[in-house]
Amino acid sequence: MSNMIPVKSDAIIPERDADKTPILECISLGIDFGGLTAVDNFNLTIGRTEIAGLIGPNGAGKTTVFNLLTKVYQPTRGTILLNGIDTHGMSTVKVNQAGVARTFQNIRLFSTLSVEDNVKIGLHNQMPYSMWSGIFRLPKYWSVEKKSHERAMELLSIFDMQDLADSRAGSLPYGAQRRLEIVRALATNPGILLLDEPAAGMNPSETAELMDNIRKIRDMFHIAVMLIEHDMNLVMGICEGICVLNYGKIIAKGTPEEIQANPAVIEAYLGKKKEA
Amino acid sequence: MKNKGIRLTRTTRTSAFTYGLVIVAYIILRILIGFGGISSSLQGMLVPICAYVVMAISLNLTVGILGELSLGHAGFMSVGAFTGVTAAIAMTNGVPSAGLRLALAMLIAAACAAVAGVIIGIPVLRLKGDYLAIVTLAFGEIIKSILNNMYVGVDGAGLHFSMLTSSDALGLAADGKVIINGPMGISTIPELSSFTAGFILILVTLFIVLNLIHSRAGRAIMAQRDNRIAAESVGINVTKYKMMAFVVSAALAGAAGALFAMNFSTIVANKFDFNTSILILVFVVLGGLGNMWGSIIAAAALTILPELLRKFSDYRMLVYAIVLILVMLATNNPTIKQFFRKLFGKKKTEEDVSHE
Amino acid sequence: MTFLSYLINGISLGSIYAIIALGYTMVYGIAKMLNFAHGDIIMVGAYVVFYAVASFHLPYVPAILLAMLLCMFLGVIIERLAYKPLRQAPSLAVLITAIGISYFLENAAQLLWSSNPKVFPSVAAGSIPLFGGELNISYVTVITVACCLVIMLVLTWFTGKTKMGKAMRACSEDKNAAQLMGINVNFTISVTFAIGSALAAVAGVLLCSAYPTLVPTTGSMPGIKAFTAAVFGGIGSIPGALLGGLLLGIIEIFSKAYISTQLSDAIVFAVLIIVLLVKPAGLLGRQIREKV
Numbered sequence: 032m033s034n035m036i037p038v039k040s041d042a043i044i045p046e047r048d049a050d051k052t053p054i055l056e057c058i059s060l061g062i063d064f065g066g067l068t069a070v071d072n073f074n075l076t077i078g079r080t081e082i083a084g085l086i087g088p089n090g091a092g093k094t095t096v097f098n099l100l101t102k103v104y105q106p107t108r109g110t111i112l113l114n115g116i117d118t119h120g121m122s123t124v125k126v127n128q129a130g131v132a133r134t135f136q137n138i139r140l141f142s143t144l145s146v147e148d149n150v151k152i153g154l155h156n157q158m159p160y161s162m163w164s165g166i167f168r169l170p171k172y173w174s175v176e177k178k179s180h181e182r183a184m185e186l187l188s189i190f191d192m193q194d195l196a197d198s199r200a201g202s203l204p205y206g207a208q209r210r211l212e213i214v215r216a217l218a219t220n221p222g223i224l225l226l227d228e229p230a231a232g233m234n235p236s237e238t239a240e241l242m243d244n245i246r247k248i249r250d251m252f253h254i255a256v257m258l259i260e261h262d263m264n265l266v267m268g269i270c271e272g273i274c275v276l277n278y279g280k281i282i283a284k285g286t287p288e289e290i291q292a293n294p295a296v297i298e299a300y301l302g303k304k305k306e307a
Numbered sequence: 015m016k017n018k019g020i021r022l023t024r025t026t027r028t029s030a031f032t033y034g035l036v037i038v039a040y041i042i043l044r045i046l047i048g049f050g051g052i053s054s055s056l057q058g059m060l061v062p063i064c065a066y067v068v069m070a071i072s073l074n075l076t077v078g079i080l081g082e083l084s085l086g087h088a089g090f091m092s093v094g095a096f097t098g099v100t101a102a103i104a105m106t107n108g109v110p111s112a113g114l115r116l117a118l119a120m121l122i123a124a125a126c127a128a129v130a131g132v133i134i135g136i137p138v139l140r141l142k143g144d145y146l147a148i149v150t151l152a153f154g155e156i157i158k159s160i161l162n163n164m165y166v167g168v169d170g171a172g173l174h175f176s177m178l179t180s181s182d183a184l185g186l187a188a189d190g191k192v193i194i195n196g197p198m199g200i201s202t203i204p205e206l207s208s209f210t211a212g213f214i215l216i217l218v219t220l221f222i223v224l225n226l227i228h229s230r231a232g233r234a235i236m237a238q239r240d241n242r243i244a245a246e247s248v249g250i251n252v253t254k255y256k257m258m259a260f261v262v263s264a265a266l267a268g269a270a271g272a273l274f275a276m277n278f279s280t281i282v283a284n285k286f287d288f289n290t291s292i293l294i295l296v297f298v299v300l301g302g303l304g305n306m307w308g309s310i311i312a313a314a315a316l317t318i319l320p321e322l323l324r325k326f327s328d329y330r331m332l333v334y335a336i337v338l339i340l341v342m343l344a345t346n347n348p349t350i351k352q353f354f355r356k357l358f359g360k361k362k363t364e365e366d367v368s369h370e
Numbered sequence: 626m627t628f629l630s631y632l633i634n635g636i637s638l639g640s641i642y643a644i645i646a647l648g649y650t651m652v653y654g655i656a657k658m659l660n661f662a663h664g665d666i667i668m669v670g671a672y673v674v675f676y677a678v679a680s681f682h683l684p685y686v687p688a689i690l691l692a693m694l695l696c697m698f699l700g701v702i703i704e705r706l707a708y709k710p711l712r713q714a715p716s717l718a719v720l721i722t723a724i725g726i727s728y729f730l731e732n733a734a735q736l737l738w739s740s741n742p743k744v745f746p747s748v749a750a751g752s753i754p755l756f757g758g759e760l761n762i763s764y765v766t767v768i769t770v771a772c773c774l775v776i777m778l779v780l781t782w783f784t785g786k787t788k789m790g791k792a793m794r795a796c797s798e799d800k801n802a803a804q805l806m807g808i809n810v811n812f813t814i815s816v817t818f819a820i821g822s823a824l825a826a827v828a829g830v831l832l833c834s835a836y837p838t839l840v841p842t843t844g845s846m847p848g849i850k851a852f853t854a855a856v857f858g859g860i861g862s863i864p865g866a867l868l869g870g871l872l873l874g875i876i877e878i879f880s881k882a883y884i885s886t887q888l889s890d891a892i893v894f895a896v897l898i899i900v901l902l903v904k905p906a907g908l909l910g911r912q913i914r915e916k917v
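Chains as they are written, first to last, in the numbering used here: chain H, 32 to 307; chain S, 15 to 370; chain Z, 626 to 917.
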């Protein structure tokens, strides 16, 4: 499995490359929905090959942050720098082309299409040819389709899913659907991969397998990964840096050890200690 | 790559079946015509059937593949009919060969319908669901209204055009000819259409539509149909691909309109109304969304059906309506579907279980 | 003065559209389907009154009540036989079935009552002179607008304050949850169709009083326009149906008067398109945000 995807940085795995431009920088990011401030003063920097975690109680605003990063919502204030470039005003489509890929809390696959086609759609911008080449079956169609097929199969083999290539995406078991979503996101050649509750509904052995796969992805593709999770074993197990959100504001940032000892975090999850 | 070989065959098999269906039907019908085995009324319907088949395939591209309900598809047919016939008449002296004139007229019709598709697509494709459907209906009616009030004539100086007045207002020279006469439509149509031309148009339509679907653009179109937000999140420019499908669909409908019109000596804009749009929609839904060979069979069968029911005379449209309702109930009610499955001994699928 | 008379005509026509649109919007709200057969129920109602008055010599008001009753019956039967079995089916399937019902009604009417135009007996004759005879408002107009207002008020009270009305609103939001709360969903849906069909009968009488030619396809175009009005005002919203219907009627009459009779339909539809571009969920509709 050598160089399948062009490498974005020449980081030495698994160290975070502190001497290179961070892949993502959020500066005073915030969004209001009418009178409600959903996220406020969100500051975060993520290194080129860092695995970061975004945690917090339900309703804290974690998916809202993802939606801001992928421009499902436009921020009310603040800046998002992707690879040093300001993403202000970009659409969801543009920001994906700039290097942000994501999975969703509620799985969003192209359910009537095959597993392989789902991945090929991820490869849409990586392997283009014109509509006319497609309609008139010009040589470019044949050569690019062949390459797409090969690349899609390579990507599927990361999760050992090649044999499912022709299955209808909607008929896959739940865990396979989640993995397919990740493969599709990877196909877009991102600089950072945002995973929204990737372990939801998984049992401990599937979760352990997922942890290995996330590390494998980071090592193979030299990309950063940020994940939202509630499963603390997963988070503490693979995240190098963790950011804790509550009521739309960051209450703590740091390594897993620091976070576990942080009283504000404990209070957010477990509530205030009762007076004796 | 063993997988690739098998997979190509599966999609190719359905496509081959579709082409084969059309080619075999054409050959059989040609033979029957040669032996006089087809009634003259049925023979007269062959060109309209070809036109309706193309309409159904193109509407299936919009409703089944793009995934949006269009209630104004007859509007594109109308644009194609009027522009195609006008072009054919204007070319009478310039292009001697009838076949070539028909082909050029259909091309011009397709191009004009494509332009209409772009103009209409820009507002329409911004809306969703029932609202999109209603706006397509509105545009269909607008096109009908405009064409009903349009006057076009040709003379030595070229094409003359006027709205809402009369043919006199065109100011044609003595040797000039009125082509479109307001609500009277066109009454001097050169009848250039033929069954062979229709057959070729169907093949061209299938070539364009099937190749589009089984290509990168087709995948993008179907992706946004299944999940627009996910499609955007992987960098698909949804607006571009929605337009692509919509405009291709419109262009093909335009060509079908030209073919249809040049089968008759007169056409009026009122022929291409909401009822025609619904008629084509019924073909598409009955044949199966996204299923091109289904559209072909449904369009042909449902156009012939009222003819076959002639023996019921007055009751035939009633029978048509009842058949339609019963077929929709049979193909969509889970209990009835289950009944037929048990009858034919098929295994229950996961989908059936989840609906119980 | 002519402006005022056009305005009044517009409001009158708009009231008819509003009453029809109400039927569309209520059924859409609860069954999430566009009942294309609605326009033809209007036609059936009109024919019932025609024959009741012309052939059976019933007095007018009982004739209208009879028409309302028969249309309610018809609407409920159609719902039970054709729409209920398809409740889980994709909405396109129900749409085509509704179209089939529409074809059926139009052709049955043609067989039963022939397509020779009938002259409909108007609900009232004569007019009220105003401003010293410069402006005449026909009694038909007065009755039409009054009916529309009364219907709107009654329906608003009904859906807001009565138990059945609340049940209807609950079923519109979430049928399964409503059922779990003990609401008889089937009965509630039937009641909705019954009310809609009764309204259609009333609309048929008012429509044919104003435009007395009655043929089997009489309900078709007003049905399409009222459907447009319902979407225009925000499908599923009762005040939206009123607003949409009235505006549509006014725009249609003014277009016919000041721009062109032949292009009036095109103008009405063009206005619809522009409004939907600015307000994609209709004038009073709610934009439902998809949760990402």
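Hints were generated in silico from the structure; no laboratory data involved.
Some hints could be false.
[What the hints assert, rightly or not] Each computed PhoX-like pair below joins lysine-lysine, with the alpha-carbon atoms no more than 25 Å apart:
id : chain 1 : residue 1 : chain 2 : residue 2
1  : Z       : 904       : Z       : 916
2  : S       : 191       : H       : 171
3  : Z       : 709       : S       : 356
4  : S       : 285       : S       : 191
5  : S       : 254       : Z       : 916
6  : Z       : 881       : S       : 285
7  : Z       : 904       : S       : 351
8  : H       : 125       : Z       : 881
Hint by hint, here is what the structure shows:
1. Only pairs whose Cα atoms come within 25 Å are accepted, and residue 904 of chain Z paired with residue 916 of chain Z is accepted, the gap being roughly 20 Å.
2. Distance restraint check for residue 191 of chain S and residue 171 of chain H: the Cα-Cα separation of roughly 48 Å exceeds the 25 Å cut-off, and the hinted pair is therefore not satisfied.
3. Simply put, residue 709 of chain Z and residue 356 of chain S have alpha-carbon atoms about 23 Å apart, close enough for the 25 Å limit, and the pair holds.
4. Straight-line distance between C-alpha atoms of residue 285 of chain S and residue 191 of chain S comes to about 23 Å, which keeps the hinted pair within the 25 Å bound.
5. Distance hint between residue 254 of chain S and residue 916 of chain Z is fulfilled; the C-alpha atoms sit about 24 Å from each other, no more than 25 Å.
6. The hinted pair formed by residue 881 of chain Z and residue 285 of chain S meets the criterion: a straight-line CA distance of about 23 Å does not exceed 25 Å.
7. About 41 Å separates the Cα atoms of residue 904 of chain Z and residue 351 of chain S, which puts this hinted pair outside 25 Å; it is violated.
8. About 47 Å separates the Cα atoms of residue 125 of chain H and residue 881 of chain Z, which puts this hinted pair outside 25 Å; it is violated.
The earlier numbered hints that this structure contradicts are 2, 7, 8.
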